Every structure is written in C-alpha cells, then in structure tokens.
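K.L.:
Could you slot chain B onto chain A? The hints should help.
So the protein lines, in turn, are chains A and B. Just so we're aligned: the first sequence equals residues 1 to 112 in my numbering. Just so we're aligned: the second sequence equals residues 113 to 227 in my numbering.
Hint data in this document are derived by calculation from the structure and do not stem from the laboratory. Being a predicted model, the structure only gives us computed values, none of them experimental. Treat each hint with caution, since some may be false.
Sample of chain B residues facing chain A (criterion: CB under 7 Å; computed from the structure) [claimed, not checked]:
no., residue
1, Asp136
2, Ser139
3, Ala143
4, Leu151
5, Gln153
6, Pro155
7, Phe157
8, Tyr160
9, Gly163
10, Thr164
11, Asp168
12, Phe218
For glycine and all other residues, C-beta sits at the position ideal for the given N, C-alpha and C.
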Amino acid sequence: GENVEQHPSTLSVQEGDSAVIKCTYSDSASNYFPWYKQELGKRPQLIIDIRSNVGEKKDQRIAVTLNKTAKHFSLHITETQPEDSAVYFCAASETSYDKVIFGPGTSLSVIP
Amino acid sequence: GAGVSQTPSNKVTEKGKYVELRCDPISGHTALYWYRQSLGQGPEFLIYFQGTGAADDSGLPNDRFFAVRPEGSVSTLKIQRTERGDSAVYLCASSLVEGGVTEAFFGQGTRLTVV
Numbered sequence: 001g002e003n004v005e006q007h008p009s010t011l012s013v014q015e016g017d018s019a020v021i022k023c024t025y026s027d028s029a030s031n032y033f034p035w036y037k038q039e040l041g042k043r044p045q046l047i048i049d050i051r052s053n054v055g056e057k058k059d060q061r062i063a064v065t066l067n068k069t070a071k072h073f074s075l076h077i078t079e080t081q082p083e084d085s086a087v088y089f090c091a092a093s094e095t096s097y098d099k100v101i102f103g104p105g106t107s108l109s110v111i112p
Numbered sequence: 113g114a115g116v117s118q119t120p121s122n123k124v125t126e127k128g129k130y131v132e133l134r135c136d137p138i139s140g141h142t143a144l145y146w147y148r149q150s151l152g153q154g155p156e157f158l159i160y161f162q163g164t165g166a167a168d169d170s171g172l173p174n175d176r177f178f179a180v181r182p183e184g185s186v187s188t189l190k191i192q193r194t195e196r197g198d199s200a201v202y203l204c205a206s207s208l209v210e211g212g213v214t215e216a217f218f219g220q221g222t223r224l225t226v227v
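Excised from the complex, chain A in its bound form (with noise of 0.2 Å):
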C-alpha cells in the first residue's frame, strides 16, 4: 500500500520568511497529492492540491511542485504569517476520490 513520508516534523520560521515542507510517496499509482492544514483541535482543511499531470501549482503565498519520478512534493509557503502556524499535512491517493494516504506531518511555527 501507500506510504508518505514528510518532513521536516517541525518547522520555526520567522514572520516574513518562507517555509518549505517535503514528502515522499511509494506508490506510482498515486496520481493527486492534497495538502491539508489542521490548527490545533480543529478539523483538517484543504490548501491546496496538486494532479500528476502538473508540476507546479500556485495560490497566493502557497505553491506545491511535484517530481513524479522521484516521487516528491513540495509545499512552499512565502511571506509566512503568525496565521499560518499549524500542522501541515500532505497526502497521497490514486484518484480524488480515492482513500487518501496522509503524511505524519509538519508542525509550523511562525515567529512574529
């Protein structure tokens, strides 16, 4: 079965700075690569995502690249914000709505 991986498990960045977070996938089935943030006892919610036929994807101060033949993705986030301090996951699943995989995540933290 799938496997992600991610890291790093945590991250401090100072206010104004960027914050990259890396995974790695096993299965070269996997074809869509969703980014979930979760602030602490809230929900997990959708940031971005990011399909197989592309390698990069931009929103705002968000940006996803994706290596299909390495089998690693990216999240960039520029200009970080205190806002932006969460848990940060990324995922793996065939199609988008296929059972997604999730990485064990990435702690955020950003520094005002």
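P.N.:
Chain B alone, transformed into the frame defined by chain A:
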C-alpha cells in the same frame, strides 16, 4: 449547518464496552470516509463508502471495527469490545465526486477515550 457533522463530540467509555460514532455528511455528497487520528500523527484511513457500499475497508484494524451507511447518507462507525488503544479522534469526511474533481471536507471529529 452545511458542514460534516459528527456526534458525539466526546465519548468516554470503559474498556470492553461497545460504542457507535455517527457522521452526517454534507447533503448530496456521495463519498464518505472514516479516519482515525492519534495525538501527534496524521489521519489514518479506516474505510471509504461510495453510496451505500464500502468501496474500501482495508484500513479497519480488526474485526472489532465495523461501519455502515445504509441509505447512502449518514454513516455509523461501530467499535466492539473497546480497548485503551482505540482512544483517538475519529474523523469523518465527505466529498462529491463530480467530473473527477472533488474536495473532501472533514467533520470536527469524535474524541474517543477508553478508560
């Protein structure tokens, strides 16, 4: 409300007891997922329904766990003979499969504590 609703929000039960956790998906969403999240970990897949049938139940840890969705809407996750290791937040999510593009929306979860 328009979101995924899970009840109860908290459940404390004694080891060996039976529990049921309920999920009300977003109206019209055909796909429903159950996940389990332990402290400091990512959500762990349990089971996925497409309509009334379980499309994939490969994540259920053992035969003490069972889930149903008899009318293709509300789902119930049932855990028999609970063990302390079952303590976790149980998350439900739903999505609308339309044109292959969909987002899964999560509920707030049920925090299960087995004492």
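K.L.:
Against each hint, give a clear statement of whether it holds in the structure.
P.N.:
Checked hints:
1. Asp136: 14 Å, violated
2. Ser139: Status violated, d = 17 Å.
3. Ala143: Interface hint status for Ala143/B: holds (5 Å vs cutoff 7 Å).
4. Leu151: 11 Å, violated
5. Gln153: 6 Å, holds
6. Pro155: 5 Å, holds
7. Phe157: 5 Å, holds
8. Tyr160: 5 Å, holds
9. Gly163: 12 Å, violated
10. Thr164: Thr164/B check fails; min Cβ-Cβ to chain A is 16 Å, beyond 7 Å.
11. Asp168: Result: holds, 5 Å to nearest chain A Cβ.
12. Phe218: 4 Å, holds
Taken one by one, the earlier hints fail for this structure at numbers 1, 2, 4, 9 and 10, listed in ascending order.
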